[in-house]
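For the protein sequence lines, the chains are A and B, in the order given. Mapping to the numbering used here: the first sequence position 77 is 62, numbers consecutive. Mapping to the numbering used here: the second sequence position 94 is 79, numbers consecutive.
Check before you lean on any hint, since a few could be wrong.
[Stated by the list, open to error] Subject to a maximum C-alpha distance of 25 Å in a straight line, what follows is the list of computed BS3-like cross-link-like pairs (lysine-lysine):
no.	chain 1	residue 1	chain 2	residue 2
1	A	Lys547	B	Lys390
2	A	Lys547	B	Lys395
3	B	Lys553	A	Lys390
[Claimed, not checked] Partner residues aside, some chain B positions facing chain A, computed with beta carbon under 10 Å:
no.	residue
4	Tyr91
5	Pro94
6	Gly146
7	Ala229
8	Arg231
9	Gly363
10	Phe364
11	Gly448
12	Ala539
13	Arg545
14	Gln648
15	Glu649
In short, the hints are calculated from the structure, not lab data. Quick reminder that beta carbons are idealized off the backbone N, C-alpha and C, glycines included.
Protein chains: 2
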Amino acid sequence: MRDAMERMAAHPHHVGSPYDKDNAEWLVAKLKGWGLDAKIENFDVLFPTPNQRLVEMVEPTKFTAKLEEPTVGVDPTSNQHSEQLPVYHAYSIDGEATAPLVFVNYGVPADYEELARMGVSVSGAIVIAKYGASWRGIKPKVAAEHGALACIVYSDPKDDGYFVNDVFPEGPERPRDGAQRGSVMDMPLYPGDPLTPGVGAVPDAKRLPISEAKTLTKIPVIPMSYGDAQPLLAALKGPVVPEAWRGALPITYHVGPGPAKVHMKLKFNWDIKRLYDVIVRIPGSEYPDEWVIRGNHHDGWVNGASDPLSGAVAELEEMRAFSELMKQGWKPKRTIIYAFWDGEEPGLLGSTEWAETHADDLQKHAVVYLNSDGNGRGFLNSQGSHTLENFMNGVMKDIQDPETKLSVWKRSQLAGISRAPADRKRELRTRPDLRIGALGSGSDYTAFIDHLGVASLNLGYGGEGGGGGVYHSIYDDFYWYTHYADTDFVYGRALAQTAGTAVMRLADAELLPFQFSDFSDTVRIYIDELKRLDADQRAQTEELNREIDEGVFAASVDPRKKFVPPSKNPVPPHLNFAPLENGIDALARSAQRYDAARQKASASNVRAVNAKLIESERRMTDAAGLPGRPWFRHMIYAPGFYTGYGVKTIPGVREAIEQKRWQEADQQIQRVGTILIKEADLLDEAAALLK
Amino acid sequence: MRDAMERMAAHPHHVGSPYDKDNAEWLVAKLKGWGLDAKIENFDVLFPTPNQRLVEMVEPTKFTAKLEEPTVGVDPTSNQHSEQLPVYHAYSIDGEATAPLVFVNYGVPADYEELARMGVSVSGAIVIAKYGASWRGIKPKVAAEHGALACIVYSDPKDDGYFVNDVFPEGPERPRDGAQRGSVMDMPLYPGDPLTPGVGAVPDAKRLPISEAKTLTKIPVIPMSYGDAQPLLAALKGPVVPEAWRGALPITYHVGPGPAKVHMKLKFNWDIKRLYDVIVRIPGSEYPDEWVIRGNHHDGWVNGASDPLSGAVAELEEMRAFSELMKQGWKPKRTIIYAFWDGEEPGLLGSTEWAETHADDLQKHAVVYLNSDGNGRGFLNSQGSHTLENFMNGVMKDIQDPETKLSVWKRSQLAGISRAPADRKRELRTRPDLRIGALGSGSDYTAFIDHLGVASLNLGYGGEGGGGGVYHSIYDDFYWYTHYADTDFVYGRALAQTAGTAVMRLADAELLPFQFSDFSDTVRIYIDELKRLDADQRAQTEELNREIDEGVFAASVDPRKKFVPPSKNPVPPHLNFAPLENGIDALARSAQRYDAARQKASASNVRAVNAKLIESERRMTDAAGLPGRPWFRHMIYAPGFYTGYGVKTIPGVREAIEQKRWQEADQQIQRVGTILIKEADLLDEAAALLK
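Next up, chain A with everything else stripped away, as it sits in the complex (with noise of 0.2 Å):
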């Protein structure tokens, strides 16, 4: 693995680079190499490259930003200036601007409800924010929708600089001019090429003019270090910021506007790229037509170690041990595809377009998807469908932790002890299985799982040692990692081992090991979150209408500062549950009527079982998709509309009630009750074939 990640990372390696395609056919000749069947799917796909990028203060001083990550001693890779990618966002549009700065926090929606109150409008304005909070796509994304011309998203040292650790060389941190490169494409409406939404991106595919795609930004945004976003900021006036919206910086955070002015000025190259894909096929020979499908994307933003090479050579070192294993006469009774994807950081593209072109073959033959997207040390992060979750429990108490030696599964469960609350501690030590994460969006999983309702899971390791500070810059290469990540690839070992494993068993058991009520338990944790929303929504809205009247903000703010008090709003209606109820309590006695009968199962009437639990994840998707986002068509998983990589689960619902449109939280919630009868339909079927 070590071998591996230091020829990948031996130059820059992004969509359209000379090196991504040698990594490609590196991969395929090793692959051959260990007589597997592997080959490069090619996909053309739109890739922007910066053509120009300014940003300069023009007052009250003069300061040009340097949006350039210099060259480390130490470093052998960070020199390679000729073969990185500049400091950019992918997809930003092009555009120039010239206008005062506003200071935003991380430009969330909340954030600008809080300017609002300070009097403070971003329209005709340059808004500046951290990254943080949401992922990058959505800050153009919420800036745009109030009105900026341009968007600065910069990196402060107290999210993954000097506050948090010594910045590298000397520590694993983000130096004062390092900065995250990234996409900002408006993925929560679809990812993968922008040119092609809903189909493959082959050469000969029917594409958009550019002037059609939706996804890309609204406005020119860039990213910088802070090293170049410290002059700008130390420049502003205005009110003070909130105290949660201060950095490490060592300067007054002030909101603006100005009086920093800035211009802006953005372009790009807007070429087709072409994308290489590594697939190999190993055909089952019981159930050919079941595939047990296994991902982690080859790309990088520039040398790309840690993201995505410590996973991807994990991936690569499974393969080398099942053709070990197939050498010895193992034969996988599913057909397992491995995929090494290209142009992942972009916008899923690889992915995407993969499973888009594929999308017929994988509705009818996909069981389960199995990402990562890199590695590092300390606890298994697994998130994935819940009817995996009693199956991923079993995985991990199989796996020893590499350090200290326990199981996966106890030292996570003992280190969510460790974590959890009084009143959470309980329920870690006596139910059978931790529960695992929901799956958002920000990696290879989401067109299987949200477009194709493909069963998936994502799996790594991490939570110690650096990893965030050098995420999508020069820096992330082979020498940071071997010197502050999983320096001795044990890590790397332990996760080759893990998704190994898991895609045997899925390959091999005779009756595939789906469980529901786990499931059920937590869709019914959602439910009860969504009541509770509504509860609190209402609740709150009432004491705020009570508190407007009663004077409350005018007594309690300064009058000497600018403060635009909020309006009383229309109290958020009682929405009929009931739906959801009586699905999930289908659900429920479904899942357990089924798991009870698996514990019995005989192998007479597997395949036709079998073929119904396949279906049971396409069960939760509905073709006509979310409200304003069909290609998300998952109805208790997706990426949420306004933070792009963080989950919302029952997302039809949950947002409808977030963002106060009631009418259609109640539409959403019939449309998910019947999903989850249909669920619980299925279940009972498969139950019935299994006696």
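Assemble chain B onto chain A, guided by the hints.
For chain B alone, kept in the frame of chain A given last:
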């Protein structure tokens, strides 16, 4: 008030300075000019001033701390360097040490527990602590308990520097080289002159030798600016500090020990200095032996505009108003005593020595002591005896907030609603009286309430505009106050109205306005807190012991980081709370009985009832005092032994539980229970007299 502040803040006026005496004499002349009976009372007290101050880093690089606050051009008094007291801590012992440096966060006991988990000892080290979280004198005390050789206390910009707001002179907060002087006398043991504990430091008092004074520090200690502290902190290595410990300097905060090694040498002039308390007496016309006392100190650390003159000029304004009223024929029924204390800053010297000198008279005659110690814009903060809670609510309803034009009571209620968590808003809307805080220490009420059992109140406006940033620095001066605080003195007028109204009402009431239902309601809350504290400690110990058995620590901590797991502790026993329960039940019944009788009181018997009411706070004291600190005699309120200023209510019980002295806790419960019963008996006698 503006003129008085300008005059009194024109030069540094600390204890022993020419201008301290000059201000006292000016006050007497002014008061006499208004026809009032004003005089100076002198005390002679130990007051050390610096002779030698050296703090230098000797490894890994050389750096000598400036320990000087520079002149600020626009500020006309900031250049009076020859008159200013240098940056130092009064009552630090002389000493010299050269040792590795350790950063100890705020230097409170919990911080040393975290250091122990990191495997870091301060034994033989010099510690550097941030100002904040406890009174400064606690920091060298706790450091010495843990074996440190010397202590540095610095002002982190997170707490009162650029993190909070722009720094002086552009804004109100502490500039880079600004530092906080202050006393580090062990006041939780006893305040006042260290050489005359319990008796007045009159010129011929019997004095302890300095070597026997118990309230000097055990190790040398000095304050410094963040300008001076930054090179020291930046030179530390060792573990990165926990997130909650990090300040706002642009460095990664490490714990040490070293490699920074510091050499520190402090010597002081251990002189006796003269105090000038200004005492004004207005004899009572009907009840001359019942005294209403009001005070605010006049000495400052340097020019002291905000602290203490913003309060002192309001007090002076009250005197002017009273003299005008007296010219119009007003004669207060009770004797009114106004005090302008000297020597508050070094250790509540002027008020403590006066109270100790006149202890017998005060115990016989004192009705109430009303204190202030500065003033600003915003909300009325009132703390004090809860037998006066109802009375203060009445005063607050009759004073207008000068900026919002609401009554002070209404503004306070509405601001309380605004800030309260959802479950606390209801009480604010429905309880007839707003709650007042309990008194800890840190100002001149201490001897009155804690030592003598005189019902006390502490009043001051604040919460809007700067304040913390120039506290005890050369920049707390007329320029700063008139630019950043109550610039037009409207809150000065409000304080004079508030305290003046309270004094007049207390002086003129037939039946003294004590009320006991609010008091018993409050004491019941304290008792509930104690029961919860006991239960929580038991639950936490049980949980910790269980986690140690489970192996939680080894599983959750990064194996590459040094970590010393905690050891198992005996589970705290259940305490017998019955004496407190019986005491509070009796008190609540008697309070209700008295408060009901009070409604229909006739004047016939009022003198005898008032005697009981004056006795009511004395009954809460016990001549034997608190365990280990007999000077503190109040059984309901005291400053914490490890907080310094912060109050501990029912301190004998609470501190015994906190410090795991279970037998003592049971004894103290018994003792306080008895006090509550005695208080109930007194109220029954008063109620009977009213019938």
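Hints, one by one, checked against the model:
Pair hint A:Lys547 plus B:Lys390 holds up; C-alpha atoms about 18 Å apart against a cutoff of 25 Å. Of the pairs offered as hints, the one joining A:Lys547 and B:Lys395 holds, with about 21 Å between alpha carbons and a cut-off of 25 Å not exceeded. As the CA atoms of B:Lys553 and A:Lys390 are separated by approximately 24 Å, the hinted pair is consistent with the 25 Å bound. Proximity of B:Tyr91 to chain A is violated relative to the hint, the smallest CB-CB distance being about 18 Å (cut-off 10 Å).
Interface restraint check for B:Pro94: the shortest CB-CB distance to chain A comes to about 22 Å, outside 10 Å, so the restraint is violated. A least Cβ separation of about 9 Å between B:Gly146 and chain A falls short of the 10 Å threshold, and the interface hint therefore holds. The closest approach between the C-beta of B:Ala229 and any C-beta of chain A is roughly 12 Å, which is over the 10 Å cut-off, so the hint fails. Below 10 Å, beta-carbon pairs count as interface contacts, and B:Arg231 has one with chain A at about 6 Å; its hint therefore holds.
The beta carbon of B:Gly363 comes within 7 Å of a beta carbon in chain A, closer than 10 Å, and the hint placing it at the interface holds. The closest approach between the C-beta of B:Phe364 and any C-beta of chain A is roughly 9 Å, which is under the 10 Å cut-off, so the hint is satisfied. Of the supplied interface hints, the one on B:Gly448 holds, with its beta-carbon coming within about 8 Å of a beta-carbon of chain A, less than 10 Å. Residue-level restraint check for B:Ala539 holds (minimum Cβ-Cβ distance to chain A is 6 Å; threshold 10 Å).
With a least beta-carbon distance of about 7 Å to chain A, the hint placing B:Arg545 at the interface is held under the 10 Å criterion. Proximity of B:Gln648 to chain A is violated relative to the hint, the smallest CB-CB distance being about 28 Å (cut-off 10 Å). Proximity of B:Glu649 to chain A is violated relative to the hint, the smallest CB-CB distance being about 27 Å (cut-off 10 Å).
In summary, the structure is inconsistent with hints 4, 5, 7, 14, 15 from the numbered list given earlier, while agreeing with the others.
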